[in-house]
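Novice: Listed below, chain by chain, are the residues.
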Amino acid sequence: MNIIQSTCISAQNTFLTPEPAFGHLPAGSKLEAKEPPYENIPRSLLRRMGKAVRMGVGAALPLIEKNITPNGIIIGTGNGGMEDCIRFLNQIIDYDEGTLTPTNFVQSTANAIAAQAGLMSGNLGYNITHVHRGLAFENAVIDALMLLKENPKANYLLGGIDEISTYNFNIDQLGGWVKEEFPATQDIYETTSNGSLAGEGAVVFVVGNAPDKPDIKACQTLHSTHSQEVMQSLGAMVELHLPGGFADVDVLISGENGDGRFKHFYTDCEALLTNNTAIARFKHLSGEFPSASAFGLWLSGEILKHQTIPVNALKNPGSTSTFKNVLIYNNFRGQQHGFMLVGLG
Amino acid sequence: MPSVMITGIGAISPLGNTVDEHREAFAQGKSGLSRLEMFTTRYADLLYFGEIKTSSDALRSILGVSEKNVTRNSLLALHAMQEALQMSGLEPQQIAASGTALIGANTTAGICLTDELYHDANRDTNPSAYINDYDAGSINIFLQRIFNIKGVVNTINTACSSSANAIAYGTRLIKSGMADRAIVGGVDSLAKFTINGFNALGILSSEKCRPFDKNRNGLNLGEGAAFLILEREDLTGNKKILAEVTGYANTNDAYHPSSLSPQGNGPYLAMKTALETAGLKPYDIGYINTHGTGTENNDEVEAIAMGRLFEKIPAFGSSKSSIGHTLGAAGAIEAVVSVLNLMYQEIFPSLNFDTPMYEQAPAPATHHQKVEIAHIMSNSFGFGAIAVH
Chain F
867 MNIIQSTCIS AQNTFLTPEP AFGHLPAGSK LEAKEPPYEN IPRSLLRRMG
917 KAVRMGVGAA LPLIEKNITP NGIIIGTGNG GMEDCIRFLN QIIDYDEGTL
967 TPTNFVQSTA NAIAAQAGLM SGNLGYNITH VHRGLAFENA VIDALMLLKE
1017 NPKANYLLGG IDEISTYNFN IDQLGGWVKE EFPATQDIYE TTSNGSLAGE
1067 GAVVFVVGNA PDKPDIKACQ TLHSTHSQEV MQSLGAMVEL HLPGGFADVD
1117 VLISGENGDG RFKHFYTDCE ALLTNNTAIA RFKHLSGEFP SASAFGLWLS
1167 GEILKHQTIP VNALKNPGST STFKNVLIYN NFRGQQHGFM LVGLG
Chain B
199 MPSVMITGIG AISPLGNTVD EHREAFAQGK SGLSRLEMFT TRYADLLYFG
249 EIKTSSDALR SILGVSEKNV TRNSLLALHA MQEALQMSGL EPQQIAASGT
299 ALIGANTTAG ICLTDELYHD ANRDTNPSAY INDYDAGSIN IFLQRIFNIK
349 GVVNTINTAC SSSANAIAYG TRLIKSGMAD RAIVGGVDSL AKFTINGFNA
399 LGILSSEKCR PFDKNRNGLN LGEGAAFLIL EREDLTGNKK ILAEVTGYAN
449 TNDAYHPSSL SPQGNGPYLA MKTALETAGL KPYDIGYINT HGTGTENNDE
499 VEAIAMGRLF EKIPAFGSSK SSIGHTLGAA GAIEAVVSVL NLMYQEIFPS
549 LNFDTPMYEQ APAPATHHQK VEIAHIMSNS FGFGAIAVH
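Order-wise, the sequence lines are chains F and B.
The first sequence maps to residues 867 to 1211 in our numbering.
The second sequence maps to residues 199 to 587 in our numbering.
Don't read these hints as lab results, they were simulated from the structure.
C-beta atoms are modelled at their ideal positions from N, C-alpha and C, and glycine is treated no differently.
Be aware that a few hints might be false.
Ranges between beta-carbon positions, derived for each pair [to be verified]:
1) F/Thr1174 with B/Lys479: 50 to 58 Å
2) F/Pro892 with B/Ile439: 43 to 51 Å
3) F/Ser910 with B/Ile511: 38 to 46 Å
4) F/Arg1127 with B/Glu265: 19 to 27 Å
5) B/Gly400 with F/Glu1105: 53 to 61 Å
6) B/Ile439 with F/Glu1047: 35 to 43 Å
7) B/Glu289 with F/Asn1141: 24 to 32 Å
8) B/Glu265 with F/His1130: 22 to 30 Å
9) F/His890 with B/Asp432: 52 to 60 Å
10) F/Asp1078 with B/Ile511: 45 to 53 Å
11) B/Arg506 with F/Arg914: 30 to 38 Å
12) B/Met541 with F/Asn1075: 40 to 48 Å
13) F/Pro1018 with B/Lys251: 48 to 56 Å
Below are the DSSO-like pairs computed for lysine-lysine, each with C-alpha atoms no more than 30 Å apart in a straight line [as the list claims (entries may be wrong)]:
14) F/Lys1015 with B/Lys568
15) F/Lys1015 with B/Lys412
16) B/Lys470 with F/Lys1019
17) F/Lys932 with F/Lys1190
18) F/Lys1083 with F/Lys1171
19) B/Lys568 with B/Lys406
20) F/Lys1129 with B/Lys266
21) B/Lys373 with F/Lys1079
22) F/Lys1015 with B/Lys479
23) B/Lys479 with B/Lys510
24) F/Lys900 with F/Lys1171
25) B/Lys412 with B/Lys373
26) B/Lys406 with F/Lys1083
Generate coordinates for the entire structure from the input sequences, incorporating the hints supplied.
Specialist: Written as structure tokens, this is what we have:
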């Protein structure tokens, strides 16, 4: 399954830019997306859209308009439209279940992003939303991999989207998932405290079979709290798909996020690599969110396309200078692990 | 591609806590719709609901769950999943094998705790016990932990068609070789969130819902959970095969965020594609378990879409006339009902039907009948207008 095209709305200048620019490194515990002006969404509609829907549709529409009528829309999102969800919930409590307007309710359902993108593009094809927390996007990828086996000539829109709303930020902060100190973003990896930086974004891909484009060779997931088990599973996947095993991995894109509780997973993963492998990381650029691995996948495509690792994302250069195979390892809250292998040719 | 067999089913709804109780109640034409006795909302006495009269505390003790942060959704899901696993006779090591997937659907997850979520999201008190369990994934992550599931674990939300999509996803995992077995299903419990949401849309009925009746005036919300065990044919051994998943399809109506297109393009295309996937002709279908919510829009459009596909519309009915609309659980519960129909070669009465919607309009089957049926179609349509089979 190849990445034919992609768009990325993130905390960085990544939307429809020729090469990723990762200069935006603010301090604080929230990395908010730099949203484009959304010129192709009618203003009246745009005003009513929650942020997740707006970012998701905003990222999807240029791809739909550019070329293809996709055969379906597959979205992964951990939270969906959380802002609308709690707005409606606040109405319920504040007006004691009185007469309410349904707009927030309809927008709050997690599948509003895929549904709205389908509605605006008149797409009658497959339409689904995967919402399995930190593996929502990986499950969307697995779905797309299966669909392309079933229909090799098809193209699908595949997206990972999550928003920071005041409410999920509050919940994540209460749950201990956001750092309480305010490190400079690039310093989060030096901290040992709990939590990470809150992030958000919308990354949408057109995937199909196009052999000259970056190829998503495999996507595998595991629920586990035991690093040894996770590394075994990761090792088995790499051995299965790369003849030279880890020696063939040119770049590791690591989901390391500065949460001291789970750093050992990434350390153990790096220990599997040879000196060839360059290591990149991105959570200081994108922030942490359930579908953040979509940003990792987008970054892998950019690295393969431009044959260079953006300097701000580089942790360790490795000895290889041509990049053919990229491994993405991300874990969410030390329990949900996703591995993706992306390669050229 | 390998065939995918159903070897276990489990269900809990207002009609019963087990599959056997469901069969008996459905056959007798019992209604599970009532005023609310356990759940508190200002609509408790104003509308009808499909409420399970087993409290969350009672479920906790039946299931031996002591952790505080387990929601009613997780409890109902565990109840139904355990029954399905027992019926299929899967051993713990088979459940925990890397080839066994868990695919669950829901739309409310922790939102069923409307008041707790209100306080946590607005940060006006200390965190509640549920602080990490509001999101959609929380239910299946809970089930994953209990059974130590190591295969693909996924949660799907396509609103009211969610669990039909979960069944299709599990089937495709097996067909594509990415899983050997899949535990698939869905759950939703009553929530102030959905009650007020559907009420704001003006589609909740103050009477017991009347699918496909001229005087239908809305749906009743219900709660429940159902799970099915899917296994690749060659792994079923001597097990009793309850049914086979032969066809499925998911299409988008692309008409309106909360209603269906007048010609039912999405539903028509989904039914048609599901038949094609199964390699069946319309006349092979012996019964349709419709989406049949009892809203003006759904039933009319569903009838039109059925009329477009079937030269002669087969016998059909709506399980929602007995238990209400259980949202993310509906597709799975209705799949379980369809499996029962096939196993016992019978169809159950669709309730509260009196007058056809218009002259020549198709009428649901209203009596318990023994029939010969080989194939059943089960419809689910969702918000954002996705149709699934």
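Novice: So does B/Gly400 sit 53 to 61 Å from F/Glu1105, Cβ to Cβ?
Specialist: holds (58 Å)
Novice: Between the beta carbons of B/Arg506 and F/Arg914, is the distance compatible with 30 to 38 Å?
Specialist: Given about 33 Å between the Cβ atoms, the range holds.
Novice: For B/Ile439 and F/Glu1047, compare the CB-CB distance with the range 35 to 43 Å and indicate the outcome.
Specialist: About 59 Å separates the Cβ atoms of B/Ile439 and F/Glu1047, which means 35 to 43 Å is violated.
Novice: When you check the alpha-carbon spacing of B/Lys568 and B/Lys406, does it fall within 30 Å?
Specialist: holds (26 Å)
Novice: Holds or violated: B/Lys412 and B/Lys373, Cα atoms, limit 30 Å.
Specialist: violated (42 Å)
Novice: Regarding the pair B/Lys470 and F/Lys1019, is the alpha-carbon distance no greater than 30 Å?
Specialist: Within the cut-off at roughly 21 Å; holds.
Novice: Taking 43 to 51 Å as the hint, is the beta-carbon distance of F/Pro892 and B/Ile439 inside that range?
Specialist: violated (59 Å)
Novice: Could you see if the CB distance from B/Met541 to F/Asn1075 stays within 40 to 48 Å?
Specialist: With Cβ atoms ~41 Å apart, the hint holds.
Novice: Has the given pair, F/Lys900 with F/Lys1171, been kept, meaning a C-alpha gap of at most 30 Å?
Specialist: The given pair, whose Cα atoms are some 23 Å apart, holds under the 30 Å limit.
Novice: Taking 30 Å as the top limit, are the C-alpha atoms of F/Lys1015 and B/Lys479 close enough?
Specialist: Measuring from Cα to Cα gives roughly 25 Å; hence the hint holds.
Novice: Measure nothing beyond the straight line between the CA atoms of F/Lys1083 and F/Lys1171; if it is 30 Å or shorter, mark the hint as holding.
Specialist: holds (16 Å)
Novice: Between B/Glu265 and F/His1130, does the beta-carbon spacing fit 22 to 30 Å?
Specialist: Cβ of B/Glu265 to Cβ of F/His1130: about 26 Å, so the range 22 to 30 Å holds.
When each numbered hint is compared with the structure, violations occur for hints 2, 6, 7, 14, 15, 25 and 26.
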